[in-house]
Structures are given as C-alpha cells and as structure tokens.
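There are 2 protein chains.
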Amino acid sequence: MQQKIRIGIAGYGNLGRGVRSAIAQNPDMELVAVFSRRDPKSLEQRGESLRFVHMSDVERYKEEIDVMILCGGSATDLPEQTPQLAALFHTVDSFDTHAKIPEFYDRVHTAALLGGKLSVISTGWDPGLFSMNRLLAQSILPEGKEYTFWGSGVSQGHSDAIRRVPGVRAGVQYTVPVQAAIDAIRSGETPEFETREKHARNCYVVAEDGADENAIREAIVSMPNYFADYDTSVTFITQEELEREHSGMPHGGFVIRSGVTGAGSKQRIEFGLELESNPEFTASVLVAYARAAVRLAAEGQSGARTVFDIPLGHLSPKSAAELRRELL
Amino acid sequence: MQQKIRIGIAGYGNLGRGVRSAIAQNPDMELVAVFSRRDPKSLEQRGESLRFVHMSDVERYKEEIDVMILCGGSATDLPEQTPQLAALFHTVDSFDTHAKIPEFYDRVHTAALLGGKLSVISTGWDPGLFSMNRLLAQSILPEGKEYTFWGSGVSQGHSDAIRRVPGVRAGVQYTVPVQAAIDAIRSGETPEFETREKHARNCYVVAEDGADENAIREAIVSMPNYFADYDTSVTFITQEELEREHSGMPHGGFVIRSGVTGAGSKQRIEFGLELESNPEFTASVLVAYARAAVRLAAEGQSGARTVFDIPLGHLSPKSAAELRRELL
Numbered sequence: 001m002q003q004k005i006r007i008g009i010a011g012y013g014n015l016g017r018g019v020r021s022a023i024a025q026n027p028d029m030e031l032v033a034v035f036s037r038r039d040p041k042s043l044e045q046r047g048e049s050l051r052f053v054h055m056s057d058v059e060r061y062k063e064e065i066d067v068m069i070l071c072g073g074s075a076t077d078l079p080e081q082t083p084q085l086a087a088l089f090h091t092v093d094s095f096d097t098h099a100k101i102p103e104f105y106d107r108v109h110t111a112a113l114l115g116g117k118l119s120v121i122s123t124g125w126d127p128g129l130f131s132m133n134r135l136l137a138q139s140i141l142p143e144g145k146e147y148t149f150w151g152s153g154v155s156q157g158h159s160d161a162i163r164r165v166p167g168v169r170a171g172v173q174y175t176v177p178v179q180a181a182i183d184a185i186r187s188g189e190t191p192e193f194e195t196r197e198k199h200a201r202n203c204y205v206v207a208e209d210g211a212d213e214n215a216i217r218e219a220i221v222s223m224p225n226y227f228a229d230y231d232t233s234v235t236f237i238t239q240e241e242l243e244r245e246h247s248g249m250p251h252g253g254f255v256i257r258s259g260v261t262g263a264g265s266k267q268r269i270e271f272g273l274e275l276e277s278n279p280e281f282t283a284s285v286l287v288a289y290a291r292a293a294v295r296l297a298a299e300g301q302s303g304a305r306t307v308f309d310i311p312l313g314h315l316s317p318k319s320a321a322e323l324r325r326e327l328l
Numbered sequence: 001m002q003q004k005i006r007i008g009i010a011g012y013g014n015l016g017r018g019v020r021s022a023i024a025q026n027p028d029m030e031l032v033a034v035f036s037r038r039d040p041k042s043l044e045q046r047g048e049s050l051r052f053v054h055m056s057d058v059e060r061y062k063e064e065i066d067v068m069i070l071c072g073g074s075a076t077d078l079p080e081q082t083p084q085l086a087a088l089f090h091t092v093d094s095f096d097t098h099a100k101i102p103e104f105y106d107r108v109h110t111a112a113l114l115g116g117k118l119s120v121i122s123t124g125w126d127p128g129l130f131s132m133n134r135l136l137a138q139s140i141l142p143e144g145k146e147y148t149f150w151g152s153g154v155s156q157g158h159s160d161a162i163r164r165v166p167g168v169r170a171g172v173q174y175t176v177p178v179q180a181a182i183d184a185i186r187s188g189e190t191p192e193f194e195t196r197e198k199h200a201r202n203c204y205v206v207a208e209d210g211a212d213e214n215a216i217r218e219a220i221v222s223m224p225n226y227f228a229d230y231d232t233s234v235t236f237i238t239q240e241e242l243e244r245e246h247s248g249m250p251h252g253g254f255v256i257r258s259g260v261t262g263a264g265s266k267q268r269i270e271f272g273l274e275l276e277s278n279p280e281f282t283a284s285v286l287v288a289y290a291r292a293a294v295r296l297a298a299e300g301q302s303g304a305r306t307v308f309d310i311p312l313g314h315l316s317p318k319s320a321a322e323l324r325r326e327l328l
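Chains U and Z are the protein sequences, given in the same order. Residue 31 in my numbering sits at position 31 of the first sequence, and the numbers go up by one each step. Residue 74 in my numbering sits at position 74 of the second sequence, and the numbers go up by one each step.
Check the hints yourself; a few may be wrong.
No copy is singled out in the list; a pair is fine if it fits within one copy or between any two copies.
Lysine-lysine pairs mimicking DSS-like chemistry, simulated, CA-CA at most 27 Å apart [to be verified]:
id : residue 1 : residue 2
1  : 41        : 198
2  : 266       : 198
3  : 41        : 145
4  : 100       : 145
5  : 266       : 41
6  : 198       : 62
7  : 4         : 198
8  : 266       : 100
9  : 266       : 62
10 : 41        : 318
11 : 145       : 4
12 : 145       : 318
13 : 100       : 4
14 : 100       : 41
15 : 62        : 145
Bear in mind the hints are in silico, worked out from the structure with no lab data behind them.
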C-alpha cells in the first residue's frame, strides 16, 4: 500500500476547516496537525479530535509533514507566512491579491529554492481555475474577447465596507452578475461593458436601533471604489433574518471567451462555477494542488509554481495510464 | 526577434484547412508546407498560395519543420501516420477513438522516443478540453457525479449512417442535448439518465425520387447502436434546403460535475463550448498544442504526451512572468 500524503494546515478559519473536510474526502491523504497562532488549548476545547500545535513550533514537524496548506488571509498572513514556511515545507496557498502576485511569486520562489522545497501559490478559483480558463481560452482563440463575471456570491471585502458605515450593526453584500450582459455574450455579441453593466451589488443591512436608514443607504450607494460605480440595492433586515438567510458563503461566476476562427466562425468557450460554500470549494482546490506539489517535488522540482506550470494529471490520485484509459 | 515556429500540415481536409487558418491567427507561427497523399498538382490547381508536397517526400522536410500537425482521420489515417511521423517530427494529432487511446499512446510513445521527438496525441475538444475538465472536476470534487453532453452539433458518424439507408440521397444528423436533463443537473440533482434522456437525434434527409419516406424513417429510427436507443426525429427536405441550411459544421457541449463538500454543500463545475465550426475549433486547439510540443521538446522531453501531461502555460505565446502578471 502506498503511503498517504501527510498534510499540515496552517491557519484554522473557514478555509482551514474546509481543508480538513476535503482531506477526509481523499483516501490518499491524512491530516497530521493544525498550526495556529492561537493557543492550542483554546482550539482543543472545541472538542475536535485534532492535533493543534502553536505556529511557533512548526519547524519541529519538518519530517512529519509532506505538504503544508496555508489557510491564512492574503492581506497580512500569507505575505509573511508563505515565504517563511516555503523554506521548510512544500506548501500550497490561495494568495489572491492579483496585483501583488508577481512580487509574492519572487519572494516565495527564492525561499523555496533555498529550502529545496516546492510551493504552489495563488491557487483556488480566482486566481486559480478561472485563471487557467482565461489562459486556455486565449491560447486557443487568439482573436476574441473575454469576460469574467463573479457571483452570485458574498464578497467579504464589500461586506466589511458596509459594516464600517456609521449606524450599521451587521450586513452582507452579494455581488450579482447582470444576466442581460451574460445573455448578450452568449448570443454571440462582444460588447464593451461599463462596470455597472456587468455586476450589481445587493446589500442586506441590520441597522442599529434608532439609526437613520436613509443616511445609511446613501452612505453605502455613494461609497467610492466599493459601490458608487454599481447599481446597488440596500435592504434593511433584522438580525434574526440575517442569521437565518445570509449565513452561508455561496459564490461562483463565469469565464467566457467569444472568438472567431476561419472566415468568421463564432466560437465560445465558457467555464462556470456555482458554489454553495466558497471556502469549502477553495479548500478542495488547495487539497488537489497539495497532491500536485508532492508529485512535482518527487520529480526533483523546487521553487514556486502556479496553476499555469502544473500538468493537470498531477491533481488526480490516478496514474497516467488510468487517466488515459478512463478520462481522455 | 524570436524565430517563428515552423509548422507542417499532414492531410488537407476540413481539419487541415482549419489548421491553416489558425496558424494565420498566431504571429509566432508560420506554415511551411502541406503534405498529402493526393497529387500536389491537383491541390495547387485550386489557386492557393501554399506549398503542397506529396506525403512520400515528407522525410526531406525534417530540418525545415519544427512540428507536424496531423489532420487525418482516426479510423485509418492516424493509426498508421502518427507512429510513422512521430519518429521524424514533433507531432500533434486529434486521435479520437477513445477505446483505442491506450494502445495508440504506446505505439506513438515508442516511435517518438526512438526518434527523440515529442508527440502530443488525442487533443482537440473531446478528447481534449472536455477530458481536461473531467479530470480537473473529479480531482477537486471527489464526491460527485459527472455528465458530458454533446451538441447541438453535426455527428459525422451518424450522418454517414443515414446516407447508407436505401432511398436516401443525402442527409445530416444533429445530436441535441436534452435541456430538461441539463436543467435537472443545474438545479442540483444528480440523476441517473437513460441514453434517450440525455440526447436526442434530429435527422434531415433528402430522399431519392420515388423513395418510400415511411420506410426510410423506420429504417433510421430503428437502426441499432446509432438511433434505436434515442428519440429520433426524421425531417424530409430538398437538396437545396440541405445545402442552404445544413452545410455548416456546428458542435459543442458541456462537461458538468456536481459534487458535495463539507457537511453537504453542493458545488458545481461546468465547462461548455458552442462552436459554429467544429473543425476550425479543433484545429485551433491543435495549433496551441503545437506550441506546447515545441516547448516541451526544447526542455529536452521526448515521447508521447496527452493534455493531462502538459502545463497550460506552454499553450500561450506569453512568458511565464507575463502570464502571472496578466492572467493569474
């Protein structure tokens, strides 16, 4: 029997819990320990039968873990943790600040090379699966136009922005693709869209007692960068309704490329996701790329890699011969 | 300036002409010559400004061509041509007899290794892009169920079967996915379908003068393997209408996987194509993989490869750094 891939999780929020669930769905993997900056005792008290270890002890697990899945946030956790851990372990992360990826790549690449380790950065679904489909569609249809739509789904950044508005107790924001825009593209058009023509923003807000709802609404819809360029709806609801109806983390979206070939034949490539749980899905992508990281390392590779660099066959537990026979 | 990738085309039917068009859309490539078993003079007489060469002279072009794109059929051409040419050139083909791929792979792999060449086999969209999406979706959502739908599009094999029915002068068959089946999957169900519940078959037939239309219809709808297991419609039309309305080669389809993660969150991954020209699109995929073949060979690789073995970044003319910056 082949030895299981031994996985560590660094960071135990929604994404880390999703990784734990995803590992349980993959019989060729096992979870060794969860690393966190929180007191391991506070995590153990939840009654979960997991080994929790303080992050400061992570180096002691070098020999026990084949690949570390980094589940921190892109704003402050990963820029620090990935280069640090990439020198010690093969790693996978979901660093998603698109504009900073080149710099992040360089830092992780250097650290991983020095440690002789393999790091897969910026995987998940965007960056990740969506990026792969953008690349694939552009390479196949060089004459064409491409669109990415996000949603319907909860945007954490925009939900946070709502909660900073004076008088707001709680709130959640859904990014919603405009169906008319998608229909136009699917009908073969390649329009240029204004920002507000592609996505709408729907906010569900719990106001503090006595707060001025009109003032809150105005503060949200006119907020620059976040809402001013969009058609934004604001619906006031109760705390109970928020908890009952809006506690999930659905998301999804599409990458669509319309191109032409030959004497003007229209061709369309479309990739879409509809996710009831964004963090669980992202976690499932990370876990598949953890398998790929181990395989690349076994080939003697080291340094940073992205989804563009990795053969798809490395994501599957099946052998190359099985894949050719069953899936090609 | 970087030297262009020098391409040869072997076989000049619909697919070969599609490859010629696709090369013209990719500024990093140039077409050197078209190889055919037909008399080059008969091809030149069409007035096309191309170099046509008889297949028997192909070996003389070893130094002039970086990659040969094989555009013959899977029934008889490719099983013979790919192993033969794979020993002489880097090659790309669209061998699509799914059941015979393992044996084909072995033969091409041996030939290419002996010649020190790199052969990408069985690319296009199915096998090809659809296979990649089956693999990707299964790897990410191991608990789930997957569906492939084809169409709406013209099936050459079924059109040929119609034309063999006594009394039929000409005809074309469209494979059409059943919308109710797709809707059920998209709504989150994971049903088991009978063959007839997934696809319908619509036939447009030109009868010979005086032929018995009812007999033709009955012969078609009851034909085993091809039509008996499907809901098949037969519409009689004139030769003029056939030529006017049914001379295109549209196709497409979907790969959909519905899975669950965590405590039962439903997740759906969907990849779809809508193609006005099936051969031109397949050709565009072959051309992108020709670029990948040259890159893999430049890395020192040889032997046969499938879409599962090739990093997506190799399909693009852009550098890895550009891809990370622009598309990730």
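Evaluation of the provided hints:
1. 41 - 198: Classified as neither; 47 Å inside a copy, 54 Å across copies.
2. 266 - 198: Both: 22 Å inside a chain and 25 Å across chains, each within 27 Å.
3. 41 - 145: neither (53 Å within a copy, 40 Å between copies)
4. 100 - 145: within (25 Å within a copy, 37 Å between copies)
5. 266 - 41: neither (60 Å within a copy, 33 Å between copies)
6. 198 - 62: Answer is neither: 47 Å inside a copy and 51 Å across each miss the 27 Å cutoff.
7. 4 - 198: neither (45 Å within a copy, 38 Å between copies)
8. 266 - 100: neither (35 Å within a copy, 32 Å between copies)
9. 266 - 62: neither (53 Å within a copy, 35 Å between copies)
10. 41 - 318: neither (39 Å within a copy, 50 Å between copies)
11. 145 - 4: For residue 145 and residue 4, the Cα distance is within 27 Å only across copies (25 Å; inside one copy 44 Å).
12. 145 - 318: For residue 145 and residue 318, the Cα distance is within 27 Å only across copies (17 Å; inside one copy 35 Å).
13. 100 - 4: neither (34 Å within a copy, 32 Å between copies)
14. 100 - 41: neither (35 Å within a copy, 57 Å between copies)
15. 62 - 145: neither (46 Å within a copy, 37 Å between copies)
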